[in-house]
Amino acid sequence: MGIEYLILFIEVFVVFNLAMSMSAFCTWVERKGSALIQDRIGANRAGAFFEIENPFLAKGLLTARVFGILFVLLGLSLLILQFGVVSLSGILPPQEVLGGVLIVGILLFGLSMVPFVIRGLGILGVINTLVCDAVKALTKEDFIPNGVSPIIHSLAPVLAALPIFLAFAIIPLAPEFALFGYQIRPQIAELNAGILFFLAMGSMAVYGVALAGWSSNNKFALLGSLRAAAQMISYELALGVALATAILMYGSLDLYAMVEMQGNTWGALQNPCMFIAMIIFFVAGMAETKRGPFDLPESESELVAGYFTEYSGMKFLLFWMGEFTEIALFAIVLALVFFGGWHPLPFLGDFVQFPQNHWASSLIGHMILMGKVVFFCVLQIVIRWTLPRFRYDQLMDLGWKWLLEIAFINLMVLGALRLAGWF
Amino acid sequence: MIGLFAVTALLAIVSAVSVVALKNPIHSALGLVAHLLAISAFFAMMDAHFLAAVQIIVYAGAIVVLVVFMLMLLNLKVESRTKGENVLSVLAIIAGGVFLLVAVPVVREAMDSLLVSGSAGAGGTGADMVAVEGTVEAIGRRLFTEYVFLFQASGVLLMAAIVGAVMLAKRESKPQPRELVHGES
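So the sequence lines, in the order shown, correspond to chains Z and F. Residue numbers for the first sequence follow the numbering used here, so the first one is 1 and each next one is one higher. Residue numbers for the second sequence follow the numbering used here, so the first one is 424 and each next one is one higher.
Bear in mind the hints are in silico, worked out from the structure with no lab data behind them. Keep in mind the model is a prediction, meaning the values are calculated, not measured. Warning: the hint list may mix true and false statements.
In silico negatives: residues of chain F with every beta carbon more than 12 Å from chain Z [stated by the list, open to error]:
hint, residue
1, Leu511
2, Ile516
3, Phe522
4, Thr568
5, Leu591
Restricting the straight-line Cα-Cα distance to at most 30 Å, the calculated cross-link-like pairs of lysine-lysine (DSS-like) are [claimed, not checked]:
hint, chain 1, residue 1, chain 2, residue 2
6, Z, Lys219, Z, Lys136
7, Z, Lys219, F, Lys446
8, F, Lys593, Z, Lys401
9, Z, Lys219, Z, Lys140
10, F, Lys593, Z, Lys219
Beta carbons are placed, not taken as given, at the ideal position from N, Cα and C, and that holds for glycine.
All chains, full assembly: derive it from the sequences and hints.
So this is what it looks like as structure tokens:
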């Protein structure tokens, strides 16, 4: 009994840290990536190394630093993968040696870039994003405006961020494995309702946003939160129906079982209906995170900053943490439900078979999943910095007149086809 | 487990009372949300995960959100006492009392039978019994076999409600004929 609680505690610890670090990663990509897109320097004022350097570096050097960081990361992850593969096979077959040489080469190339990486201040803004922003937010004045209910004003950011973190409880992070005689499934809660819990937590996140605007005693904040609440309620429907399509396809509500059913072919590629459902889920997910072209609730040209106008310090940061964690959450669910989770190949899943129940194949599976998640996080952020904002009537038209109808028709078509025994 | 139950039950009661007692409509709505979450926690404790999730999605996530949304749109201030409220509260107390009179024996009977069957089983509690009933599979099977008529009927009812809502929203306010207004005044 005791050891099970220990395993559960470790799982909660790992998953919480994963959520936090994904949120930090998204923050970094958001700040530095947007700087790259807009040809600015971005966050780089804080440094870990006491080296005074002109922060406005030449552009070629910036590119060198970006590639340096990327190569080091790639090399390190390949090294871990290699470690897993080697410990799986026990011996080193020739192609593994070749792979090892390749990895060492990439690592050396990356390491040779390190002087460029650390030459400017602060390793591409990582220190700035992870340490300085947090310290700044924690030490700022916690401002509560006049004439508001202070309890609800303080409760709102918690209500906005907490459900997103709770939703991670049903996320399976890797295939299950046996360690020291214990069968471990890296998923905190194996609920019978499964993915419905994700939808439930997503619908609870509306309260934080709505109450933030209402309790701010500010017309801009109220308008922003009204927009946010209407938007989230509208797009929740399309999101739910798209997930219902996936549930109909897999015949299960459990995310782990869904991933296991994509061993041969990824979910989105199994049939056209699933592909359409994937697109609807992605668009509705971007609208749920209130980002990208859907950031009307915080449109700074109209509403100052929308629903969190009157927030400062850590409370302000909590809204952003909730938002970035939600990006990661949607990326993980997208990868798990539609993109095969920890299965590496879109087709021909039988081609690559990892041993069952081994911790190393679990580790590799986790890294494959995280690679997909990172890709979708970056994709969402790039879309956010690329597309212009919708008009509000366009937003409502897209949600109610297009996405929802397409999702319903898609669901019915898939149901009919499955009844006819096609899929 | 009993401690968890006690805490949740206390939370449910306190939040239910706060819905009625608090003056500010938004605070009342929040109390309702807390109450619904506590009910959902009860479902989860009985391993009825599906009911727990649906409780949150439908009630806390959709219906009360709309209530909060409307309250925010109307921007209601702290409610003021109206004249008819005393009569209403007397009526409410009578109705509540009658409901208690009916409900308490039913609940006691149910609890007694639960305790008897629970102790008859191999050291099982009430939760084990309900566990099979609350799963998605069990509920789906029941809905589409035993209760299929009621299920379809409620679907038709909801459809009628949606059509009615659309009709009400789409109705154009006709401009009052000028001479009629004159004739009345």
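Output the numbers, in ascending order, of every earlier hint that fails for this structure. none
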